[in-house]
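Kindly generate the complete structure, drawing on both the sequences and the hints.
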Amino acid sequence: MTTAATALAGTQGRLGYPTYPTRNPQLARKPDILRPIPAEVEAIRAQIPIVAAAVSKNLGEAIAILSDPRLISLAGEIEGIAKQLSQALLVGDIRYSMLKYYHAVPEDFGIFDEEVKSLIQHLTFEEAGQIEVLQKLQRGELRELIASRKSGYCPPPQTEELKSLFVKKIFELKGFFALINLSESPITELSMRIKEEITDPNLKKQLLDESSTLLELELFMGHDMYHCFSTKFLSGQAFWKKDAWTPLFECNLQNFSRLTCHLRHLTSILIVSKHRADKKTPILERTNLAEVVYTAAHAIGFRLHMPINHTAEFLMGHINLRFFTNITIETVAAFLEAILYQVIKNSMKAVKEAFEDLKKVSLKIDVELKTDEQFPDVAIISVEDNATGFMINRILEKGFALAKELSQKGVVFEENSILAKLLKWGQVPAVVRTFTVGEIIDLAFIQNLSGFGSQSFSSGLGLNEAAEMAQLMDADILMTNTASGGALTSIIIGPREKREQVIARKLGL
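Take the sequence shown: its letters are residues 1 to 509, numbered as in our numbering.
Since the hints were derived computationally from the structure, they do not count as laboratory data. Keep in mind the model is a prediction, meaning the values are calculated, not measured. Careful: at least some of the hints might be erroneous.
List of simulated lysine to aspartate or glutamate pairs, DMTMM-like, C-alpha gap at most 20 Å [claimed, not checked]:
no., residue 1, residue 2
1, Lys-117, Glu-144
2, Lys-274, Glu-468
3, Lys-506, Glu-405
4, Lys-409, Asp-209
What follows is the structure, encoded as structure tokens:
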């Protein structure tokens, strides 16, 4: 007879290890009913691979353009000019709301008063983008600097020449982006055909399921590209109205000074999108992990108005980066950047929720890259925040609701899976005692079950797809809460056997 104790002993070796969900749960099989398939269904079904191939071709061409050495060199030139201009130009009379909209000033969490905001006009754009400078203004410091600039400030003599050169280089960059075609219209047209031409609800659902990868791709590209600084070039908004210097250039000087990073992020989005369209196994390549971490942090910092700190000191209100290694390792750089971008974004969701619900303003996100002390060929990227951690009860409640919803749709759960057990919660309240905390936290890998209440910005790539990508590139994601109240997520990359030993050590086994 097998007791609960012996059953537990049989699984003890895996307790606490990451448990990834099945991405596509299986519906209970129904008896096949042979009936003719309408011609319009077959016609649309034949279009699905054609649309996928066309989208993949466009993505491949866009990736090639963004990887062109001439474009990369041009982006480096623009970065250098932008850095010089951001150090030379004062903010002036540009409205604070406009500065904030274009990410020229960091998220202030409501701690900067109107006087500080009025003094920003006497800062350079580089200074205005640093939260520590704004905090000094809040404390009444920098008075002599402000007074000297009020009495008169002259930018360096080469500033006007730099402005002209900057605009010239930007319009050279426009020439490259004009070659990129990332229209989502073929996917949109396919979706509309299914919805409008197919009247049978079962056949309509079947076709939507068969084309779900493309439909998700359309949402992913539209979402993540929309929030990418580089996409402003693709859309043509804001910068191409006339061949002249405008305040919009000034507001984006800090973003232009990291243009190479933003272009790498856009390239990662396109590579992930192409993988979705092709459905091919990704190729592992030697990758500089520090560059990937830097790219993800700056891309999400742009989106969330949160400044990046590269110093040894951990600063509040920042995404703090620490690199303890310059390791190169075999992985899929675009996948890793997408995963890390999502993990940091989840921390920011927690930070926003802590600010809104707890009025907790001493917030930060720490990102570290290091190698394991025992296995130097295993890299660990950790993301830690000091917000509220994974909300266990909220995750359980959402998981219970999802289990019921999927069950009603005919989904068959694996025996003894956490969703199968959660389904019993309504009738068997004590069933939750059979869960480990790790199992509950890993429910966050299931779409929309991260446990966050804030809907201030959507997720784009979810943790569920992050988990799938981690497995494709042979990595693990270990999520937990910390004793200080925040969340800690570790991305562990390296040989599988060594990764498991690293995880066991982290679990205290």
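Going through the hints against the structure:
1. Lys-117 - Glu-144: 17 Å, holds
2. Lys-274 - Glu-468: At roughly 16 Å apart (the allowed maximum being 20 Å), Glu-468 and Lys-274 satisfy the hint.
3. Lys-506 - Glu-405: Between Lys-506 and Glu-405 the Cα gap is close to 35 Å, so the pair fails against 20 Å, i.e. violated.
4. Lys-409 - Asp-209: Measuring from Cα to Cα gives roughly 14 Å; hence the hint holds.
In the structure shown, a violation is registered for the earlier hint numbered 3 alone.
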